[in-house]
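Using the sequences and the accompanying hints, generate a full structural model.
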Amino acid sequence: MKHKDMKQEFDFDKIGKQMPYNVPENFFAQLEENVMKEVGQTTEAESGSRQPKAKSFKLTANIIRAAIAAAAGLALFFIVQKSLPNEEPAATDDFNNVELAFNNLSTEDQDYLMEVYQDDLFMDSETY
Amino acid sequence: MTDDKDIIQAVKANANQGFKLLMAKYMEPVYWHIRRLVVSHADAQDAAQETFVRIFRSFDQYRSDCSFKAWIFRIATNEALRLLSRNQGKTMMSLDDTPAVTLGMKADEYFDYSQVEAVRLQKAILTLPAKQQLAFNMRYYDDMTYEEIAQATDSTAASAKVNYHLAKERIVKYMNSNEA
Chain L
1 MKHKDMKQEF DFDKIGKQMP YNVPENFFAQ LEENVMKEVG QTTEAESGSR QPKAKSFKLT
61 ANIIRAAIAA AAGLALFFIV QKSLPNEEPA ATDDFNNVEL AFNNLSTEDQ DYLMEVYQDD
121 LFMDSETY
Chain U
1 MTDDKDIIQA VKANANQGFK LLMAKYMEPV YWHIRRLVVS HADAQDAAQE TFVRIFRSFD
61 QYRSDCSFKA WIFRIATNEA LRLLSRNQGK TMMSLDDTPA VTLGMKADEY FDYSQVEAVR
121 LQKAILTLPA KQQLAFNMRY YDDMTYEEIA QATDSTAASA KVNYHLAKER IVKYMNSNEA
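From first to last, the protein sequence lines are chains L and U.
Counting in this note's numbering, the first sequence runs from 1 upward without gaps.
Counting in this note's numbering, the second sequence runs from 1 upward without gaps.
Because the hints were derived from the structure by calculation, they are not lab data.
Among the hints, a few may not be true.
[Unchecked claim] In silico SDA-like links for lysine to any residue, alpha-carbon gap of 25 Å or less:
| no. | chain 1 | residue 1 | chain 2 | residue 2 |
| --- | --- | --- | --- | --- |
| 1 | U | K25 | L | E33 |
| 2 | U | K25 | L | N97 |
| 3 | L | K14 | U | V116 |
Written as structure tokens, this is what we have:
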């Protein structure tokens, strides 16, 4: 042994490798089990069982992206709507002017216009 | 006892089975190596577990120009130092630091105070600077060569030898003194 050459009063051989430390019963078996459990999880994750998780993550990410896009679109719609009020009175005024002009027409002229435009789909779609 | 070369081959062939062989050989030496440095059983358990997880995850980084035992003890030593640093609120303890571990501070229920001389020897070892502690422990308890100690502590064989002899001298001085 390497420590046999000690000539001093203290003799390492009297103690040897004894230590004042001990461990709980079955500790090393438990430790091995803990380690294998931890590295086993790593092995599984690395060997492909993580793929479905990645796929479902991708799917979730796409759903979130779509939801964000929809919310942004809705927000944009409301912002545009809010910016329109200046135009709406103008449109309403135009309509009132047309209505006023229509009322000023003679009954014959009104009947003629109604007959010409009542089936005009393009005009209807413009209204909506 | 399985030869290190066989363990390395076994891990390469089948990681889980090979790793079981590795643990069968090194679980206890690694735990006791860490325990001598950190003293508390709970801390040693944490560091030992982390050591083997790291060995498993970084097995590909092992290079055969280094002794396998030295590589394992290097990881174990780093884990022990990391744990001591965490306990002392430091980022990472260096081998030049003197670990501030005392038996009184860290002793727990898995400690046998009745072995008076063994307790004193551990106290003496814990007064040493980290490099001397490591050189002494690896040589005295784990029968490692100076070359292996050098590889595990990132030093030279000559330095490991000097640290071991300085450690022995200081331990003898401590044991011959009246310090309890």
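Comparing the hints with the structure gives:
no.	hint	result
1	K25(U) / E33(L)	holds (15 Å)
2	K25(U) / N97(L)	violated (99 Å)
3	K14(L) / V116(U)	holds (12 Å)
Hint check: a violation occurs at hint 2 only; the rest are consistent with the structure.
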